[in-house]
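Asks: Given next are the chains, with one letter for each unit.
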Amino acid sequence: MPKSRRFFNAPAKRELLLPALLIAPAMAVLLSLSIYPLLYSVTISLQQETAAGINWTFGNFARLASDSFFWTAMAHTFVYAAAALTCEFLLGLALALLLNSQIRGRGLFRASLLVPMMLPTVVVGVVWRLMLNPDFGAINGTLARFGISTESLTWTASPRLAMLSVIAVDVWQWTPFVFLVLLAGLQAIPQEPYEAALIDGSSRWQTFRHVTLPLLKPAILIVLLLRTMDLLRVFDQIFILTEGGPGFATETISLYIYRTAFRFFDFGYAAAMSFVLLALTNVISVIYIRFLSHR
Amino acid sequence: MKRIENRFNFFRILCLFVALLFALAPVYWMLTIALKTEVDQFAIPPPWFVFTPTLEHYYDAFVTRAFGQYLITSAIVAVTSTACALVIGTLAAYALARFELPWRLNQRLSLWILSTRMFPAIVTAVPLFLMMRDVRLLNTRASLIIVYTAFNLPFVVWMMRGFFADLPRDLEEAALVDGDSRMGAFVRVVLPLVAPGLAATAVFCLIVSWNEFLFALVLTQTDAAMTLPVGIAGRVTQYEIKWGVMSAAASVAIVPILVFALALQRYLVRGLSMGAVKG
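Chains A and B, in that order, are what the protein sequence lines are.
Mapping the first sequence onto the working numbering, position 42 (from 1) lands on 49, and the numbers just tick up by one.
Mapping the second sequence onto the working numbering, position 17 (from 1) lands on 19, and the numbers just tick up by one.
Bound-form chain A, shown alone (with noise of 0.2 Å):
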C-alpha cells in the first residue's frame, strides 16, 4: 500500500465523521429535489381524480396504449433523435478529421464553430424562425435572388418540411459539440500507430479504419451518448420553432407530455408518461455504456 493511502485511511474510525459531513448537504439535496420529485411522480401517476375522491389505479398507464398521439409523438421522437444524430455525427467527425493538423488560425476557427452550442436554445430557436420566416426570412430571400420559386417552400408552417426543418436547426446547433469532442479525441492519439501504417504501405482509407476508428471509439461512444440523451427529451428548440405543429407533425415525446401537464392538467397521465420516456432513455443509456466498457 502506498504510503499516501494509509495516511489517508488512518484513523479508520474517525475518518468517517468528515466525509459523512462534506457529502451530507449535496445528498439532502438530490434525495429532496431529484428522488423525492420522482416517487411524488410515481404517486399521482398511479392516481385518477373521480367525483368520489382520488383513486389509486393503473389507468394512465392503461391509457399509454390506446393512445394514438402519444405512439405518434414517439414515432417524431425517434425520427428526429435518429436523423439528427446521423447528420451531426458525420458532419462532426468530417470537420474534425480536416481540423485535426496544423493550419493557421484554428484557433478562431473553433471559438467561432462554438457559437452555435452555446446560444441558448430559446435564442436558437429564434434565429431560425427569422432564417425560415417565409415572408422576409434570409433562407427564402437568399433563395428567391438565385431565382429559386420558393412558393411551397413555408418551412415550419408546411406539414411536410417542418420536421426537416427542426432537425436541421438541431443539427446546426450541435454539431460543433461532436466536432469538438472528436477533435479532442483525435489529438489524444499518439503518433506511434500512424508511423507503423505508414511504414507498412496502408492507404489513407485504411489507415482511418484500422488506426484512426479504434482509437477513437471512446470518444465516439461518448459523444453518441450524451447526444442520445438530449435528442430524446429534445423541447426548447421545437416549442420555439412550431409549438409542436403544424398540427401534429413536430411534437415530440416531451412536448406531448407539456402539453398533457401544463395545457390540459392531467398531471398523472404526463408522468406515466415521462415514466415512459425515462424508461427509455435509461435502457439506451445502459446499452452505450455495455459498449464503453467493453473496448
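Source of the hints: derived by calculation from the structure; they are not laboratory data.
C-beta: ideal position from N, C-alpha, C; glycine also.
Among the clues, some could well be false.
Partner residues are not named here, just some residues of chain B that face chain A (Cβ under 7 Å, in silico) [claimed, not checked]: (1) C17; (2) L23; (3) A25; (4) W31; (5) L33; (6) L37; (7) L57; (8) L88; (9) I90; (10) P122; (11) I124; (12) I234.
Fit chain B to the given chain A structure using the hints.
Replies: Okay, now just chain B, sitting in the frame of chain A:
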C-alpha cells in the same frame, strides 16, 4: 505529390470556411433584424449588409417592455444557484476524491449522483411544479434558484472530483504534517490549486442556468419572476410577433454566453462531456 497536397489543403480550407459561414450567418442575420427598421426587416430581397441601423427595438424591449426585469431575474437566478451548487458540490467532490469510504461508496455515490443528472428534464418538471405549488413558491425567483442548484450539483461534483483527482496528494500531506487541520489544508492549499477548474465549472453552471428554459417556463409565468428565455419565448408564441423586439432581447441574452465561452475554451470539451473526455 506536392501539388496534390496543396490541392487537398485548399479544399480543406474551403470546407472550413463554408462551415464557418453556416455557423455564423444565421446569428448575424438575427443581429441585423434587431438593428433594422420595420421597413428594412420586411424588405425583399432581404438586405444582409446595407440598411439604416436603429436602436428603437432595444429601447422598446428594455425600457418600454419588461425585458430589463427579465434580464435582472436571469442574472440573479444564475449567479445565486451557481454559488450554491459550487459550495455544496465542491465539498462533496473533495470527500469523494480524497477519502476512502467503506462499501466502495466512492464509486457508487459518484455514479448515483451522475445518474440524477441523466433524468430528462420533463420527468422532474411535472412533480417539481406540483411541489412548488404546494409550498407556494410558484412564480418566485427562489423556486428557480432551488431547482437550478439541484440541477447543477451533479455536474459540479463530477467536474471537481476530476480536478481534485488530478492534484498530487503530497501538498496536502505536507500541510497536514505542518500542523494544519484537514479543512485548513483544503481551504489554504487545495482550493487555490483547483481555482482554474473551479472557475471553469462555475462558468459552465452560469451558462446552463442562464440558458435553461423548460423549468423556467413551468415555474415562472409572471413578469416579476420570469427569466429572459421565458420572456423571449412568450413573444414568439404570441399572435402578432414583434420581430425586432424579440431579436433585440435575444441578442442581449447571448452576450454573456459568448464572453464566457471564449474564456472557457480550454475546458470546454471536459465540461460538456461531464469530465468524460479530458480535451
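Asks: All hints are to be evaluated individually against the structure, with a verdict given for each.
Replies: Each hint tested on the structure:
Proximity of B:C17 to chain A holds as hinted, the smallest CB-CB distance being about 6 Å (cut-off 7 Å). Using the Cβ-Cβ criterion of 7 Å, the hint placing B:L23 at the interface with chain A is not satisfied: the shortest such distance is roughly 10 Å. At a threshold of 7 Å, the smallest CB-CB gap from B:A25 to chain A is about 5 Å, leaving the interface hint in force. Evaluation of the B:W31 hint against chain A yields a held restraint, the C-beta minimum of about 5 Å falling below 7 Å.
For B:L33, the interface hint is violated, since its Cβ never comes within 7 Å of a Cβ in chain A; the closest pair sits about 9 Å apart. The beta carbon of B:L37 comes no nearer than 13 Å to any beta carbon in chain A, farther than 7 Å, and the hint placing it at the interface is violated. A distance limit of 7 Å between C-beta atoms decides the matter here; for B:L57 the minimum to chain A is near 18 Å, and the interface restraint is violated. Annotation: B:L88 was flagged as interfacial toward chain A, and the flag is violated, the nearest CB pair being 11 Å apart, outside 7 Å.
A cut of 7 Å between beta carbons decides the hint on B:I90: the least distance to chain A is about 5 Å, and the hint holds. Interface hint status for B:P122: upheld, as the beta-carbon distance to the closest one in chain A is roughly 4 Å, under 7 Å. Nearest Cβ of chain A to the Cβ of B:I124: about 5 Å, under the 7 Å cut. The hint holds. At about 5 Å, the closest approach between the beta carbon of B:I234 and any beta carbon in chain A falls short of 7 Å, and the interface hint on this residue holds.
Violated hints for the displayed structure, listed by number in ascending order: 2, 5, 6, 7 and 8.
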